[in-house]
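> Given chain A's structure and the hints, the job is docking chain B onto it.
Chains as they are written, first to last, in numbering that gives the first Met the number 0: chain A, 0 to 276; chain B, 0 to 287.
Check the hints yourself; a few may be wrong.
In silico DSS-like cross-links for lysine-lysine, where the CA-CA straight-line distance does not exceed 27 Å [as the list claims (entries may be wrong)]:
#1 B:Lys248 x B:Lys42
#2 B:Lys180 x B:Lys201
#3 B:Lys140 x A:Lys48
#4 B:Lys53 x B:Lys248
#5 B:Lys53 x B:Lys42
#6 A:Lys5 x B:Lys180
#7 B:Lys201 x A:Lys5
#8 A:Lys104 x A:Lys186
Worth flagging that the hints you see were computed from the coordinates, not collected in a lab. As the structure is a prediction and not an experimental result, all values here were calculated from the model.
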Amino acid sequence: MTTGVKRLTLSSLRYLLVVAATLLLLFPVYIMVSTSLKFEVDAFSSPPKWLFRPTLENYVAVLGKAGFFRFFVNSVIVSLSSTAATVLVAALAAYPLARNRFSGKRAVVGATLFLRMIPPVILVVPVYVFFNSIRLTNGRLALFVIYTALNLPFNIWILRTFIMDLPYELDESAFIDGCSPFAVFAKIVLPLLAPAIAIASVFSFRLAWNEFILSLVLTNRATRTLPVAVSLYITDTGTEWGKITAIATIIAIPAFIFTFSAARSLITGLTAGAVKG
Amino acid sequence: MQRRSSYLFLLPAALIVSVALFYPIYSGLRLSLFDWNLREFTKAPVFVGLQNFKELLGDANFRISVRVTLVFTASVVCAEMLLGTLFALLLEQRLAGLRFFRTLFVLPIMIAPVVVGIVWKFMYNTSYGAINYLVGLVGIKPIEWLADPSIALVAVIISDIWQWTPFVFLLVLAGLQGIPKELTEASVVDGASYLQNLIHIKLPAIAQVLGVTAILRLIDAFRSLEAIYNLTYGGPGVSTEVLSLHLYKTAFADSRLGLSSAIAVVLMILIGLLSIPIMWRDVGRERR
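Isolated chain A (complex conformation):
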């Protein structure tokens, strides 16, 4: 009996802690979303107004007048195109790295590991100089190429791990049937990689969609992406917190969607490597 009581108190204590942590975790998210739905006067009240008359005024203002719709489209274009490119190119590269022996393989693996560690900020100056010297200053192509490249190491690595788990007999039988390596890759391996490609796509999209510092330096008034737009909006207008949090919420929408629709794949992607190795 006493052990039963003890266990009950312990588990309710654990629940209490978990609930407290969850509240702390969600608090900034709640502040962001609720402020974006408030009239400007309510946004500044302290204590925060827990009950308020909600409005979409901030979203309408942001997407309409300030031209944010264009930045939204820029973000969508750069993120989707670089995600598609990086996943395809990474899958191609992952295939021989998983299946073949060839000279230089260890060097390639070492290079992907090394490139995963580099801080994007060190690229800012050289890339800025380079694109200015070839007079290509609108930034879209630069961002597309760099995001594609920055995502390659992780994608190659996770896709390679998945390919290594596929039975080699599949490839072999297709080779015996006379298929070319590329046909084996496209018709046999690629379709089986769908779960890994989903994980790689989400993480690639996340980097491109969230990235700030390269986009800040490389884009201009017309080509800037949402994270840059929101940051500059604060510099320009100060404290229109209703509108600022509305843009912030728009930037966070993919994060919400991914978290609540694919949490398990995300956890696989985050923990792969550290845990299984």
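Below, chain B without anything else, positioned relative to chain A:
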């Protein structure tokens, strides 16, 4: 599959990485030996040898930013490892609704650092921010979170802990769930207490996961920039100016492209040193 086609498959990736990563890294290394002003962009860079590095050694702001980076990194990694591990241990046993909580814990990791910086800036506001309201509930007077140089770094650290403790939690939890049941059950049958079980069985079993997690966090904290840029922009003064932000400002506020490239080299070397253990482990595996 022949060798030649291996290289063909690797070619697109090699091209993109060469253009977008290797070439910029190379030209950054080269530029660190030159003096070049952003405002005189059309003039040719002047070769100065190791002069930029010498200047860094004597530069007080550079030294401060190294110290800020070290304090920031050490604080967040220690706090996140402790809190994340503690939480994973708490939640590891079967708990109804665990999957739901675990899902929520993914959210901060996915949110853009820019957004994190902006939302915390709003919450830290001295007069109408939610945080001073919350600390006011327990009787603490309003704090100048972002205006006081001795507190701003703490504020930055807190927001990083908020975003990244869940990452540690998820990794350690996955590690704990990977421990074979027989191992812990046997020690419970032998009458081991929870603490004995933890110290002698669980922690040794996840030692490698803990190590890798800590290194991943170290590398990431060391290069963090975007949240801090939007939360404090390094201020007040240079009290929260981490190395990567100092690099950015040297290039685009002070217009000194060569000097900022020298900072980039230092940053690369430091991060390279931090990542040696992981590279060692993973490249070593290739032999098998």
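> Hint by hint, note whether the structure agrees.
Results for each hint:
Taking the CA atoms of lysine 248 of chain B and lysine 42 of chain B, the gap is about 21 Å. The hint holds against a cut of 27 Å. About 11 Å separates the Cα atoms of lysine 180 of chain B and lysine 201 of chain B, which keeps this hinted pair within 27 Å; it holds. Distance check on the hinted pair: lysine 140 of chain B and lysine 48 of chain A sit about 20 Å apart at the alpha-carbon level, within 27 Å; holds. The straight-line distance between the Cα atoms of lysine 53 of chain B and lysine 248 of chain B is roughly 19 Å, inside the 27 Å bound, and the hint therefore holds.
Proximity of lysine 53 of chain B to lysine 42 of chain B is assessed by CA-CA distance (about 23 Å); at most 27 Å being required, the pair is judged to hold. Pair hint lysine 5 of chain A plus lysine 180 of chain B holds up; C-alpha atoms about 24 Å apart against a cutoff of 27 Å. For the hint linking lysine 201 of chain B to lysine 5 of chain A, the alpha-carbon distance of about 23 Å falls within 27 Å, and the restraint holds. Restraint check for lysine 104 of chain A and lysine 186 of chain A: satisfied, since their Cα atoms lie roughly 25 Å apart, inside the 27 Å limit.
No hint from the list above goes unmet by this structure.
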